[in-house]
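Whenever a hint applies, use it, and build me the whole structure from the sequences.
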Amino acid sequence: MAYDKFTVLTSSAVPLPIENVDTDQIIPARFLKATERKGFGDNLFRDWRYNSDDSPKQDFVLNNPIYSGKILVAGRNFGSGSSREHAAWAIYDYGFRCVVSSFFADIFKGNSLNIGILPVTVSEAFLDKIFTAIEADPNAQLEVNLPAQTITIIATGENESFAINGYKKHNMINGFDDIDYLQAMKEEIGTYAATSAY
Amino acid sequence: MSNTASTLFDKVWDSHVVRKIEDGPDVLFIDRHFIHEVTSPVAFLGLQSRGIGVMFPNRTFATADHNTPTINQHMPVADPLSANQLKALETNATKYGISHWGLGNPKNGIVHVVGPENGITLPGMTIVCGDSHTSTHGAFGAIAFGIGTSEVEMVLSSQCIMQPKPKKMRINVNGQLNKAVLPKDVVLYIISQLTAAGATGYFVEFAGEVFRNMSMEGRMTVCNMSIEMGARGGMIAPDETTFNYINGREKAPKAEAWEKALAYWKTLKTDEGASFDMEYTFDAADIEPMITYGTNPGMGIGISQHIPKAESLKGGKASYDKSLNYMGFHEEDAMIGKKVDYVFIGSCTNGRIEDFRAFASVVKGRKKADHVTAWIVPGSHIVEQQIKEEGILDILTEAGFQLRQPGCSACLAMNDDKIPAGKYAVSTSNRNFEGRQGPGARTMLASPLVAAAAAVTGVVTDPRELL
Ligand code: SF4
Chain V
1 MAYDKFTVLT SSAVPLPIEN VDTDQIIPAR FLKATERKGF GDNLFRDWRY NSDDSPKQDF
61 VLNNPIYSGK ILVAGRNFGS GSSREHAAWA IYDYGFRCVV SSFFADIFKG NSLNIGILPV
121 TVSEAFLDKI FTAIEADPNA QLEVNLPAQT ITIIATGENE SFAINGYKKH NMINGFDDID
181 YLQAMKEEIG TYAATSAY
Chain F
1 MSNTASTLFD KVWDSHVVRK IEDGPDVLFI DRHFIHEVTS PVAFLGLQSR GIGVMFPNRT
61 FATADHNTPT INQHMPVADP LSANQLKALE TNATKYGISH WGLGNPKNGI VHVVGPENGI
121 TLPGMTIVCG DSHTSTHGAF GAIAFGIGTS EVEMVLSSQC IMQPKPKKMR INVNGQLNKA
181 VLPKDVVLYI ISQLTAAGAT GYFVEFAGEV FRNMSMEGRM TVCNMSIEMG ARGGMIAPDE
241 TTFNYINGRE KAPKAEAWEK ALAYWKTLKT DEGASFDMEY TFDAADIEPM ITYGTNPGMG
301 IGISQHIPKA ESLKGGKASY DKSLNYMGFH EEDAMIGKKV DYVFIGSCTN GRIEDFRAFA
361 SVVKGRKKAD HVTAWIVPGS HIVEQQIKEE GILDILTEAG FQLRQPGCSA CLAMNDDKIP
421 AGKYAVSTSN RNFEGRQGPG ARTMLASPLV AAAAAVTGVV TDPRELL
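These protein sequence lines are chains V and F, in that order.
Using our numbering, the first residue of the first sequence is number 1, and each one after it goes up by one.
Using our numbering, the first residue of the second sequence is number 1, and each one after it goes up by one.
Some hints could be false.
[Unchecked claim] PhoX-like cross-link-like pairs, simulated, lysine-lysine; straight-line CA separation at most 25 Å:
no. : chain 1 : residue 1 : chain 2 : residue 2
1   : V       : K33       : F       : K95
2   : F       : K314      : V       : K129
3   : F       : K165      : V       : K169
4   : V       : K186      : F       : K20
5   : F       : K167      : V       : K169
6   : F       : K95       : V       : K186
7   : V       : K38       : F       : K95
8   : V       : K38       : F       : K87
9   : F       : K339      : F       : K309
10  : F       : K423      : V       : K57
11  : V       : K57       : F       : K322
12  : F       : K107      : V       : K33
13  : V       : K186      : F       : K11
14  : F       : K87       : V       : K33
15  : F       : K165      : V       : K186
16  : F       : K20       : V       : K169
17  : F       : K317      : V       : K57
18  : F       : K317      : V       : K129
Note that these hints are calculated values from the structure, not bench results.
The model shown is predicted, which means the values in this text are computed figures rather than measured ones.
Below, the structure written as structure tokens:
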């Protein structure tokens, strides 16, 4: 599915200063029974967000109205564990377009890029600065500039650049996906397949 | 000559690159694609909405496993959402001409158990599936890894995915393993040393005496869990053990094709002098039966040890406290003697025949602890059959255990096999994340021997005392 184009995103951010957030926390397995990609945002961080009687847990950040925005800022090693793309769908469906962390698990990172969420890897020190800025002002704005590959804390002007390969960058800026690309090279794939050992 | 020496990983990867994109990923051809009911339906919807088809249906294999009941499989599936997913898999497989081993099919079972068992998984292949433990197939010297649903759609429509080439790591374990130390302990030990993110960005080759002496079942257990240290996958060079395992399996090459394949497979090893981006070496003598105490698979210790103090570890204290708090454990607690409510033996990590043999070796002549609920779930119908034929079922029954039907079961608790909130489980599966085995469930990962010791004593017990 093609997705929204991503160029410059300026937004407040939701802080989640926890490390090793795995995809079972992002979306527990019991919510993977759908056969369509719909409504996953309601169950984002389900067991951290709601009690077993479905009442909201007041101390969880998504239930705190002072935090909002299209950017999720999370601790080191975000998205580890299961390959479920549902985790990225839940984050997207909830309204996030960018996740910032000092380290991402591989499959989560790939899944995010495939559906139009930009994972931004920053240094540990810069991540701390972002958390500090949000602590000082829950409405602190961040600017994520994909063409320039920079992330800036607007209030202080502090910024850092981030890496992304040229191909993925081009895709995100234009809202293209890999399937479009592969469809265009089917003949070449067919030629390869004819020589395959299996 | 070192400049032409290449690794096992390079050999397999490079021979599958259809196109290299500058400053971008490689377009990688996929030999085998496994699908199951949970991560494939949206991919098929995607094909439909784009109006495209499946390019090579004979390279994809479907099995139902994640969301299936482990009792009364002959009855209609009660949960309507689960039934709907199973139906979707069947309908899509039929529509596109994909082989499908649904519930009740004698070949049905966990995708990473049935692939190797039927000779679909072969050395030198590229293999993907929408499940992170696809890394299991690396035990055969294949490049195998988990993918997301968008990538499932890519493989269906073009038999390729786009991946940047990972960095290479080699992990050597040399020497002889101690008594009661199983492949699961070896890999839990490695993860505890590297941490749950220690191999992120890498593809791992396991090498050294310990893996050379290991059975295929054991190698699968190890490669299965390579993802739990963050690696894209793990692999082991094929050798006589591999060839003997494959020979004669249903879809394995036969006669002349076998000879030809064998000649190729023998070239699949890392050349002397080939270089890795990272290398670790461990001594088998340092490994004892392992158990996890926290909420990621890197939080494991030797079973006779005490839970470490936060300051002795890298990483944030807040996350560590949160983890121990969830488990209801404290720094410096001993693991031996902790109460156990549930025992789960099964999953694509430890649901093969060798695992049930190990389990039976401990429970034989003993009784299940009264307060323990045990779920004994074979990885496939073929494993189930072996359990019966080898007399293991009799040992289990005599000790008070029941055998369930194959599937992922409590590994991810999508079906009814959920550990209740607050209860403690010793589990042979691969993940101890919060809520993985049911909301509020507390998981301790361990080998089949440790699981068996817990099942008969009702507390965490050193299996060496029972052997
Ligand atoms: S047993 Fe667990 S890890 Fe293995 S395929 Fe099933 S859900 Fe995935």
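Hint check:
1. The straight-line distance between the Cα atoms of K33 (chain V) and K95 (chain F) is roughly 21 Å, inside the 25 Å bound, and the hint therefore holds.
2. Under the criterion of a C-alpha separation no larger than 25 Å, the hint pairing K314 (chain F) with K129 (chain V) is consistent with the structure, at around 21 Å.
3. At most 25 Å may separate the alpha-carbon atoms for a hinted pair to count; K165 (chain F) and K169 (chain V) meet this at roughly 17 Å.
4. A C-alpha spacing of about 15 Å is found between K186 (chain V) and K20 (chain F), which places the hinted pair at or below 25 Å, so the restraint holds.
5. About 21 Å separates the Cα atoms of K167 (chain F) and K169 (chain V), which keeps this hinted pair within 25 Å; it holds.
6. Distance hint between K95 (chain F) and K186 (chain V) is fulfilled; the C-alpha atoms sit about 21 Å from each other, no more than 25 Å.
7. With a C-alpha separation of about 23 Å, the suggested pair K38 (chain V) and K95 (chain F) falls inside the 25 Å cut-off, and the hint holds.
8. This hinted pair checks out: K38 (chain V) and K87 (chain F) have alpha carbons roughly 19 Å apart, not beyond 25 Å.
9. Between K339 (chain F) and K309 (chain F) the alpha-carbon distance is near 21 Å, which keeps this suggested pair within the 25 Å criterion.
10. For a cut-off of 25 Å, the pair hint linking K423 (chain F) to K57 (chain V) stands: about 22 Å separates their Cα positions.
11. Simply put, K57 (chain V) and K322 (chain F) have alpha-carbon atoms about 16 Å apart, close enough for the 25 Å limit, and the pair holds.
12. Between K107 (chain F) and K33 (chain V), the direct Cα distance comes to roughly 23 Å. Compliance with the 25 Å bound is thereby established for this hinted pair.
13. A distance of roughly 24 Å separates the Cα atoms of K186 (chain V) and K11 (chain F); the hinted pair therefore holds under the 25 Å criterion.
14. Straight-line distance between C-alpha atoms of K87 (chain F) and K33 (chain V) comes to about 12 Å, which keeps the hinted pair within the 25 Å bound.
15. For the suggested pair K165 (chain F) and K186 (chain V), the alpha carbons sit about 21 Å apart, so the restraint of at most 25 Å is met.
16. Between K20 (chain F) and K169 (chain V), the direct Cα distance comes to roughly 17 Å. Compliance with the 25 Å bound is thereby established for this hinted pair.
17. Between K317 (chain F) and K57 (chain V) the CA atoms are separated by roughly 23 Å; this keeps the pair inside 25 Å, and the hint holds.
18. With a C-alpha separation of about 19 Å, the suggested pairing of K317 (chain F) with K129 (chain V) holds against the 25 Å cut-off.
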